[in-house]
Amino acid sequence: MEQPEPERDDPTLVQGARICVWRVFGINNDYLTSKASAPDWTTEIKDWLASGDSTTVTVGGPPTLVADAMNAATATMLTSFGGGEWRKAEDPLRARDEAIDESLRNRGRPEFLDGQGLWVTLQISRPIEVPDTGTRYAWVTSREALRFSEEFELEAGRHLDAVAAYVSHALGDMRFDRTLVGNNLAYFIAPGKMPFSFGRSQVFPVTVSLSRDWKSLPVAEITNTLEAAKSVPPRTLKGISSAARLLWLAKAEEDALRRFLFAFVGLELLVNAFVTSSVRDEVVSLLKIETSGLPVEGLFWPTTHSDKDYPWRNLAFKFSLMTIALSRTTAADDVELFKMLNKARNSIAHGSAGESDAYPSRECIELFDRYLTLAYARTLSGKKA
Numbered sequence: 001m002e003q004p005e006p007e008r009d010d011p012t013l014v015q016g017a018r019i020c021v022w023r024v025f026g027i028n029n030d031y032l033t034s035k036a037s038a039p040d041w042t043t044e045i046k047d048w049l050a051s052g053d054s055t056t057v058t059v060g061g062p063p064t065l066v067a068d069a070m071n072a073a074t075a076t077m078l079t080s081f082g083g084g085e086w087r088k089a090e091d092p093l094r095a096r097d098e099a100i101d102e103s104l105r106n107r108g109r110p111e112f113l114d115g116q117g118l119w120v121t122l123q124i125s126r127p128i129e130v131p132d133t134g135t136r137y138a139w140v141t142s143r144e145a146l147r148f149s150e151e152f153e154l155e156a157g158r159h160l161d162a163v164a165a166y167v168s169h170a171l172g173d174m175r176f177d178r179t180l181v182g183n184n185l186a187y188f189i190a191p192g193k194m195p196f197s198f199g200r201s202q203v204f205p206v207t208v209s210l211s212r213d214w215k216s217l218p219v220a221e222i223t224n225t226l227e228a229a230k231s232v233p234p235r236t237l238k239g240i241s242s243a244a245r246l247l248w249l250a251k252a253e254e255d256a257l258r259r260f261l262f263a264f265v266g267l268e269l270l271v272n273a274f275v276t277s278s279v280r281d282e283v284v285s286l287l288k289i290e291t292s293g294l295p296v297e298g299l300f301w302p303t304t305h306s307d308k309d310y311p312w313r314n315l316a317f318k319f320s321l322m323t324i325a326l327s328r329t330t331a332a333d334d335v336e337l338f339k340m341l342n343k344a345r346n347s348i349a350h351g352s353a354g355e356s357d358a359y360p361s362r363e364c365i366e367l368f369d370r371y372l373t374l375a376y377a378r379t380l381s382g383k384k385a
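Just so we're aligned, residue 1 is where the sequence shown starts under my numbering, counting upward by one.
These aren't lab readings, by the way, just hints derived from the structure by calculation. Errors might be hidden in some of the hints.
[As the list claims (entries may be wrong)] Quick list of in silico lysine to aspartate or glutamate cross-link-like pairs, EDC-like style, CA-CA up to 20 Å: (1) K318 x D333; (2) K230 x E98; (3) K230 x D53; (4) K46 x E153; (5) K318 x E268; (6) K343 x E363; (7) K88 x E98; (8) K238 x E253; (9) K343 x E282; (10) K238 x E227; (11) K46 x D101; (12) K318 x E336; (13) K88 x D101; (14) K46 x E221; (15) K339 x E366; (16) K238 x E153; (17) K238 x E221; (18) K230 x E44; (19) K46 x E155; (20) K339 x E282; (21) K238 x E151; (22) K46 x E129; (23) K318 x E366; (24) K46 x E227.
Could you put the whole structure together from the sequences, leaning on the hints where they help?
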């Protein structure tokens, strides 16, 4: 029997309503040999940010919920703010739902649902109390919900920046290859309702390079890493997460100059966030025991602020400290690479850079990516940055 529609002037709460933000990653077709026989795999970490929160990582087919949300939100906005005969109907809200249904039937399939062999979807969701207007579309209307949505987008964005970095760490030698777009749009979802958003940005896919059968993905390591990360105090990640955001922005860029600048500034943020007095003390203690193969020449402290290269020598000093603390076996080579990147950055700042295709954006992103995941891994060990 069909349930009676709630009274419009005395709304009940929408049952099971949640607000969520997604990140979607695609894995290339070429390397996948057994997708058809493998079901989706999902891990869930509960109560990470707040009681009732759910953080999930799903590996499998295309995320139809995300696609439905994008299409429904767009159709809702176009119908609600455009003209239409539904406004003249006896029951305009019901007529608007029917008009949106018609609009959805004419919408195309989002591009990110095709062209990939496998999808990896990150989601953070939180329960929310929303009065039920009795409609399937645009069922969230209050200013309080809009304000909550904006606040949640900021919190969820920082959280997913960290989760993406932790997942990258768990994946080992696999790296997120390209971010096609990168943003944090909150959606409201509930059983029996169509996903809704206040519509200030987009959901976007990201590609991942993979060179093995997808069933060899370290799914247990992903779960274990996220479970461990749940106990890391948020204040520990503040600076590192700011750097992480710039990595995902760098991977969203098509322009080589912007890709390089996002990556270099992010790497600089990471260095400054990571190198604290405790890290310096740790490296000093290590150097009392061993110096062989380590980039000790990079540790000569700048002695005068009048030196025009002081800020960048200071940054190179800190980067050398970070390499010794996080990756001693590659420290010397990494410092040499950083010097090259630093020189490229200075050339841009001084107006003497060459063609954009010569910017070392790939090298900068790869170095930044590796040290970001190493920094996140260190937080799991309980060591202070």
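Practice item. Would you list, in rising numerical order, the hints stated earlier that this structure does not obey? Key: Hints 2, 8, 9, 11, 17 and 20 contradicted; others consistent.
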